[in-house]
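**Q** Can you build the whole structure from these sequences, using the hints too?
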Amino acid sequence: MSNFFLLLQQELLLTAIIFVLLFVKLSAKEWNGKTVLSLINILLVINLAAGFFFKEKGTLFGDMYQTNDLLRLEKNILNLGTLLISLQAYNWLLKHKHAIEFYVLMLSTLLGMYFMLSSSNLLMFYVGLELASIPLAALANFDLDKKRSSEAAMKYIMSSAFASGLLLFGISMIYGMVGSVGFAEITAAASENPLFLFGFILIIAGFGFKISAVPFHLWTADVYEGAPVAVTSYLSVISKGSMLFVMTSVLFTVFSKLLFQWYNIVAVLAVLSMIVGNLFAIRQQNIKRFLAFSSISQVGFILVGMSGANAESYSSIIYFVLVYLFSNLAAFAVINVVSEASGKENIDDYKGFYKTNPALTWVLAVALFSLAGIPPTAGFFGKFFLLLGGASKGNYLLIIVAALNMVLSLYYYLRIIKAMFMDANETPVERVALNWSPKISMFVCVAGIVVTGIISGAYEYIYSLLK
Amino acid sequence: MNYSSYIALIPLLPLAAFVLLGLFGRKYFNRSAGIIATLFLLIATVLSLYTAYQYFFVNGKVGDAYQSITALNYTWLTFSENVSIDMGIMLDPISVMMLVVVTFVSLMVHIFSLGYMKGEERFATYYSFLGLFTFSMLGLVVSSNLFQIYMFWELVGASSYLLIGYYFQKPSAVAASKKAFIVTRFADLGFLIGILILAFYGESLDFNTIIQNLTTQQSSQFLAITSASFIGISALTWGLVMVFMGGAGKSAMFPLHIWLPDAMEGPTPVSALIHAATMVVAGVFLVARLFPVFSINTDALTVVTIIGVTSALFAAIIACTQTDIKRVLAYSTMSQIGYMMFALGVSGYSGENGLGYTAAMFHLFTHAFFKSLLFLGAGAVIHLVHSNEMKDMGGLRKLMPITHISFLIACLAIAGIWPFAGFFSKEEILLAAYNKSMVVYVIALLTSGLTAFYMFRLYFSIFWNKEADAHDHHGEGTFSMKLPLILLAVCSIAAGFIHFGEYVSSDGKALPSEFHLSFALAPLALGIGGILLAMWLYKTANDKPQRLATSLGGLYKAASKKFYIDELYLFITKKLVFNLIGRPAAWIDKNIVDGLMNSIAAATGWLSNLIKSLQSGKVQNYLLYFFGGIAALVIIFIYIWKP
Chain P
5 MSNFFLLLQQ ELLLTAIIFV LLFVKLSAKE WNGKTVLSLI NILLVINLAA GFFFKEKGTL
65 FGDMYQTNDL LRLEKNILNL GTLLISLQAY NWLLKHKHAI EFYVLMLSTL LGMYFMLSSS
125 NLLMFYVGLE LASIPLAALA NFDLDKKRSS EAAMKYIMSS AFASGLLLFG ISMIYGMVGS
185 VGFAEITAAA SENPLFLFGF ILIIAGFGFK ISAVPFHLWT ADVYEGAPVA VTSYLSVISK
245 GSMLFVMTSV LFTVFSKLLF QWYNIVAVLA VLSMIVGNLF AIRQQNIKRF LAFSSISQVG
305 FILVGMSGAN AESYSSIIYF VLVYLFSNLA AFAVINVVSE ASGKENIDDY KGFYKTNPAL
365 TWVLAVALFS LAGIPPTAGF FGKFFLLLGG ASKGNYLLII VAALNMVLSL YYYLRIIKAM
425 FMDANETPVE RVALNWSPKI SMFVCVAGIV VTGIISGAYE YIYSLLK
Chain Z
178 MNYSSYIALI PLLPLAAFVL LGLFGRKYFN RSAGIIATLF LLIATVLSLY TAYQYFFVNG
238 KVGDAYQSIT ALNYTWLTFS ENVSIDMGIM LDPISVMMLV VVTFVSLMVH IFSLGYMKGE
298 ERFATYYSFL GLFTFSMLGL VVSSNLFQIY MFWELVGASS YLLIGYYFQK PSAVAASKKA
358 FIVTRFADLG FLIGILILAF YGESLDFNTI IQNLTTQQSS QFLAITSASF IGISALTWGL
418 VMVFMGGAGK SAMFPLHIWL PDAMEGPTPV SALIHAATMV VAGVFLVARL FPVFSINTDA
478 LTVVTIIGVT SALFAAIIAC TQTDIKRVLA YSTMSQIGYM MFALGVSGYS GENGLGYTAA
538 MFHLFTHAFF KSLLFLGAGA VIHLVHSNEM KDMGGLRKLM PITHISFLIA CLAIAGIWPF
598 AGFFSKEEIL LAAYNKSMVV YVIALLTSGL TAFYMFRLYF SIFWNKEADA HDHHGEGTFS
658 MKLPLILLAV CSIAAGFIHF GEYVSSDGKA LPSEFHLSFA LAPLALGIGG ILLAMWLYKT
718 ANDKPQRLAT SLGGLYKAAS KKFYIDELYL FITKKLVFNL IGRPAAWIDK NIVDGLMNSI
778 AAATGWLSNL IKSLQSGKVQ NYLLYFFGGI AALVIIFIYI WKP
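Protein chains in written order, with this note's numbering: chain P, 5 to 471; chain Z, 178 to 820.
Simulated from the structure, these hints should not be mistaken for laboratory data.
Each residue gets a CB set at the ideal place from its N, CA and C atoms; glycine is no exception.
Please note that a few of the clues may not be correct.
To be verified - Calculated cross-link-like contacts (lysine-lysine; reagent style BS3-like; alpha-carbon spacing at most 27 Å):
| hint | chain 1 | residue 1 | chain 2 | residue 2 |
| --- | --- | --- | --- | --- |
| 1 | Z | K295 | P | K359 |
| 2 | P | K151 | Z | K795 |
| 3 | Z | K356 | P | K422 |
| 4 | Z | K795 | P | K348 |
Unchecked claim - Some chain Z residues close to chain P (C-beta under 8 Å, calculated; not the full set):
| hint | residue |
| --- | --- |
| 5 | W253 |
| 6 | F256 |
| 7 | A335 |
| 8 | F358 |
| 9 | I359 |
| 10 | F363 |
| 11 | L366 |
| 12 | L369 |
| 13 | I370 |
| 14 | L373 |
| 15 | A401 |
| 16 | Y799 |
| 17 | Y802 |
| 18 | F803 |
| 19 | F814 |
| 20 | P820 |
**A** Structure (structure tokens):
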């Protein structure tokens, strides 16, 4: 029994936090917004810090659940991202009547991701996935007085339900073939039988939906644009990151026998995602929509790395997700405070931004440089490692497409940089007053962008877990 | 003797200046930023000179050749079991030479800017960017492996973006910096692919190991890279040509040169640094760095030669027609770098055959001095007349005697007149070309005559031609602006007398420099002819040039429009890539049959329809595509694409 507590430490801690929040919500006392939010952020810091002290590994529930150092690291990365988003959302939540519910929902999805990551069984995986998806629809609807927000929620829940249905269909097909839903049994019984392949492709499509790989990406732009900024950043970083972790591990281990199929599928999805994501990104005017499409092309890049199918490419993916987390959250941090202060969300609104908000401009510029992969930011190293991982299969066509897309993406990232620094604007965004919490978040993100690149320890630690 | 005690300081000092001025410059050092940065760089320059002294004279040769020394090596990251990424400092003749060139020219630019940029609002920012650029460039030249050089390569691109776009209120500067960044980044994708190919087959990122693996005829790596092929061309050739593509982008080689003339929008001292002596020669340096591998692959060397020769001639022709003095210099840079490139292209690896390599490096060395002198001189001129256009100048020799004399020296040097530096290096290049290919030699000779002509066209237009307007002139500039001119002028004369072959050669062994009077006559005569022609046309104000232009009609017009290369690019990028037209093949077909405009309109319409129907905002459509995606994958991977 003690084993149970040791292995489930992270999940239990998170559950405890959720319960504390529920009690706070249900208590008769009227809480002061600032107190509650500070309390929650402290709890999240504890949650993040505690993650580093757990070392136990093993399995539970008859091999349905497993944990090890790698999974703990992945959960810690998600915890960090959640904390950063929570800090960025501080001002928005301060004005919101239902801040506590926001956290209850968000942390529930995080709990779902934990189980999804730790699953070693398709059913456990499915349960985790649903727990990680359904509350997100409620979150997307959290700008209660905005129509777009409800629209985003509706689109999300419908697409999500559809994807889940197909995923479940795939799972049942595999179960039908193998007679078990355990990962170990599926690994052993994997074959190129058409029925099995069909189930496998449905599962990949389920993954593709969550990471918004083309052609399963169409919900992304509308949902990102409509949802509150905090939720958009959560969707684009945490939700996507967790799914990338699971996808990598499942493809690399469970379906390793189907390497030929999944390698080619991943390559096709990678090429499509990069090209379509970039082409759409060029045309966007709304900055959230823009980031939605740029994140689609970033996922395409990750898929290029994934196609390498070895320990190096695995660690490159985890490393890149970490880098992407810092870069994207730095960008969203700025967008969040600007949207909160002025309601402006278009790229044109950022013209002349440097005149009024030089510090914020630099934060956004560093984030965009990192997303574009310019040294010395971490994004450069992340992309280089992904390419190095992807190149190990010798598929140069893929590498050439990836490299071409790096150029194309530089073009549109520079467009924003140019707007901010150089373009004149008669009504620029006014000077945004920042309080401590977004400041801390931006500081951590920028430090992360600089440090994870220059300090080699981050990558080497990840790699050491995978060898 | 141990270099490791101080060598790292050379790149780190400019970095320190960048960090210091970047973080605190505007607040605390806005007035003193220039002095601080200059002092930092002065120390770095002294250290580089000391390193060169130690390397060439104290430690000298082992056996009869200069060795490549890894002065510092630090395993930065272990990527996988057998690939580790290092950060190191590698010293060999060319990197030591580049250390000296980069720090010295950068120091001159730092000093010059003290006067030139005085009173700029973002003075500290300017110096911090200069520091960043110098750091990246130094990191690039001492790189010990492909990853490091690629990282610094990109960093050089990013910092030059910041410098060219320094006047960010000027729309043309903004457009230019963006163009430079994107065009070079496009070329860098070739470099990146080349790196991946070479690293994949060479099984290492380290220069020495790769060169070792890929040049040993019996090694498994060599066999693998030469037997693998793609469209009938071996992987080795692909790798090298791709690497060269990156080099050609940075070095503004045809047809990737389009960013260079526009990049003249940056502050003039910046052009002296970036576009004369450092960044633009990075491509030459890169080819030289991998030269042992290039030298065993004739195909790649042929590509280098052709591109080099084309650029040299092409740019020289355009330079004759430009009226913006900085643009003339930009094209002349391109032309001179073309010289260095084809010198590498015609070179062999060892002994006498290696003359081209030595000559290229020699020309790189001398060119750095006289070209940065020309840019700084042009800067001084622009500072005085507040215009880049030749028609606003003339008769300035009396107003700015020092600039005049130093500019004249630089012009003589670049025109290849004895005893100025350019004469000696150009002589070697011509000799190398003569030994290898008559065609290359003739084009090179022709280019050299053209060079003399357009440089003196520039010189006479600025300093002679008409009488200067004496009004509101505020003198030649501060002492800080004159000092670099004088020092560089001295170098432009002295540098030629170095017996370069003794220090820098492809195999490290001394190469005796020969001098044939009979051989030198032809280029010298052509050079003088060019100068005389320019004198006749431009020394006094007259209508001869206009008459000449009219009589040459079409050619002149095409050249002054830069052979429509920019228009072609705009067409390709704007119409083709950015609006992405569905199936390029089908498009070309249709385009040829139906004419240009129809198909573009049709394709754009088709595209916007496609995009509209994709992102309709209707969930039911999204789900349909989702389902379609699955169906396609199922059909392809279950029935068609099988292992």
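**Q** Looking back at the hints listed earlier, which ones does the structure fail to meet?
**A** Number 15 - this is the single hint that the structure violates.
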